[in-house]
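Here is how the chains run, residue by residue.
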Amino acid sequence: MYQSSKWQPTGSLETLTARAQMFARIRAFFATRNVLEVDTPCLSLGSISDPHIEVLETQNRFGRNATTYYLQTSPEYAMKRLLAAGMPSIYQLGKVFRAEEIGRRHSVEFTMLEWYRIGFDHWQLMTEIDQLLSELSGEQIECERLSYRDAFQRFLGCDPLTIGIHELQQLCHQHTEYGLQESDRDTLLELLFATVIEPNIGTEQPCFIHSYPASQAALARRQLEADGQETAARFELYWRGIELANGYYELTDADEQLTRMRSEMSEREQQAKSWRQADERLISALKHGFPDCAGVALGVDRLLMLLLNKQHIDEVLPFGGAYA
Amino acid sequence: MASYSTSDLRGGNKVMVDGEPCAVLDNEHVKPGKGQAFNRIKLRNLKTGRVWERTFKSGESLEGADVMDTDMEYLYTDGEFYHFMATDGSFEQHGADANAVGDTVKWLKEQESYVVTLYNGAPLAVTPPNFIELEVVETDPGVKGDTANGGSKPATLSTGAVVRVPLFINIGEVLRVDTRTGEYVSRATGK
Numbered sequence: 001m002y003q004s005s006k007w008q009p010t011g012s013l014e015t016l017t018a019r020a021q022m023f024a025r026i027r028a029f030f031a032t033r034n035v036l037e038v039d040t041p042c043l044s045l046g047s048i049s050d051p052h053i054e055v056l057e058t059q060n061r062f063g064r065n066a067t068t069y070y071l072q073t074s075p076e077y078a079m080k081r082l083l084a085a086g087m088p089s090i091y092q093l094g095k096v097f098r099a100e101e102i103g104r105r106h107s108v109e110f111t112m113l114e115w116y117r118i119g120f121d122h123w124q125l126m127t128e129i130d131q132l133l134s135e136l137s138g139e140q141i142e143c144e145r146l147s148y149r150d151a152f153q154r155f156l157g158c159d160p161l162t163i164g165i166h167e168l169q170q171l172c173h174q175h176t177e178y179g180l181q182e183s184d185r186d187t188l189l190e191l192l193f194a195t196v197i198e199p200n201i202g203t204e205q206p207c208f209i210h211s212y213p214a215s216q217a218a219l220a221r222r223q224l225e226a227d228g229q230e231t232a233a234r235f236e237l238y239w240r241g242i243e244l245a246n247g248y249y250e251l252t253d254a255d256e257q258l259t260r261m262r263s264e265m266s267e268r269e270q271q272a273k274s275w276r277q278a279d280e281r282l283i284s285a286l287k288h289g290f291p292d293c294a295g296v297a298l299g300v301d302r303l304l305m306l307l308l309n310k311q312h313i314d315e316v317l318p319f320g321g322a323y324a
Numbered sequence: 001m002a003s004y005s006t007s008d009l010r011g012g013n014k015v016m017v018d019g020e021p022c023a024v025l026d027n028e029h030v031k032p033g034k035g036q037a038f039n040r041i042k043l044r045n046l047k048t049g050r051v052w053e054r055t056f057k058s059g060e061s062l063e064g065a066d067v068m069d070t071d072m073e074y075l076y077t078d079g080e081f082y083h084f085m086a087t088d089g090s091f092e093q094h095g096a097d098a099n100a101v102g103d104t105v106k107w108l109k110e111q112e113s114y115v116v117t118l119y120n121g122a123p124l125a126v127t128p129p130n131f132i133e134l135e136v137v138e139t140d141p142g143v144k145g146d147t148a149n150g151g152s153k154p155a156t157l158s159t160g161a162v163v164r165v166p167l168f169i170n171i172g173e174v175l176r177v178d179t180r181t182g183e184y185v186s187r188a189t190g191k
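Taken in sequence, the protein lines are chains A and B.
In terms of UniProt numbering, the first sequence opens at residue 1 and continues consecutively.
In terms of UniProt numbering, the second sequence opens at residue 1 and continues consecutively.
It should be emphasised that the hints constitute simulated quantities derived from the structure, not laboratory data.
There may be inaccurate statements among the hints.
To give a feel for the contact side, a few chain A residues facing chain B, derived at Cβ under 8 Å [unchecked claim]: (1) D39; (2) C42; (3) H52; (4) G94; (5) F97; (6) T176; (7) D186; (8) T187; (9) E190; (10) L191; (11) A194; (12) T195; (13) N246; (14) E267.
C-beta atoms are modelled at their ideal positions from N, C-alpha and C, and glycine is treated no differently.
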């Protein structure tokens, strides 16, 4: 409900000053590393194919035919098109949008820092994140690194890559009272991860979870483990119960990317979710040729919450939630 | 009955889960980075009072429970049913069985007002007022001179409830009692 009296900022002036300083430090960090700032469009004619991320749409009704635009959920596709066109390592600090639940850690509009490092793999990128976090927090931070498999072994006593579906259903049901009818492995694994593992990792130092199941590769390349199991060269960063970043050693194979995109679109169709134009310009860009690189997206508002010890995302935004 | 989306459920909503009417106590959103979102919902079964947690996919829908809280006055018991009458002017009467009355039976006093939870039009639960004034029908004789400090003793009230009271309380006195904790609060004033 709109109330004209709610004009004041939700973040304190002290917090908003810290926010401005963080932006300046981020830009300085990349300037010294010769990583260029880019600003791709917020409004795009194509969007992501993720089955579980919903996108805000808007229309320009000026003129005879209305044009539908999608608000970017991350600048990933556009930035990759720049890389394919020959740009060197780049970063972007800007607004992204997701049509999802509003809450303590979620805002429809939020600020994302996303960067791509040509010639890096995901391990080198994790090290650079350590350096960025150290720079922004003023303390030496070295994140823990734990594989998805080791995390499941440690907290649930099972191997997520080889566990049988019935055993997995039982385990999930035992912890959440959900799962006996769920046939999708990844849904079960993700629920277990979110409810049992997430609260127990990164409680002091931040923690990278890496080497995800191959089925959760998203836009990461796949790799073979020593025992022949396939995993994804993907990592996520968790700190004090908050998911802070998601990164990949990027997939460069256009055909593989197209297959994954189509499979996600058909999953959306099966679940009767709304159709949207998948940004297949990414596929054309990959076909043209794409450099070996690693990339990551980091939630800046969440990082600010953690560094300033704030409990609600609205406290670090100029005008959060109902005050926008 | 309206249905609710699990992502919109809020504390106080009444829904059917496994065929049982439940009150929502809390709804926590669980969103794995790129995966299916869930809602972990804490519920109280309105029949048994049991509190438990269930996980649903976000956006799944739950049927609303036809549950209504109504202010009613307690009239009498016929040995099997406890009879209540609505205080909204409709004079509508309902008989609640021992199951619905539950522990509230020890706080039932004629002409006192209770919240009767109706499920499909029949009493499901009876909630007493937070504070109730009842007469002492049995206790050891009062100890003179002992006012604030000192021990306590059991006293049986007119409804059958037994509460700990200070030593100076006598039979026939009217006490104010907290029904949520079952504890003595004070002597009733003005009665």
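message = To test your reading of the hints: which numbers does this structure violate?
response = Per hint list: 1, 2, 4, 5, 14 violated.
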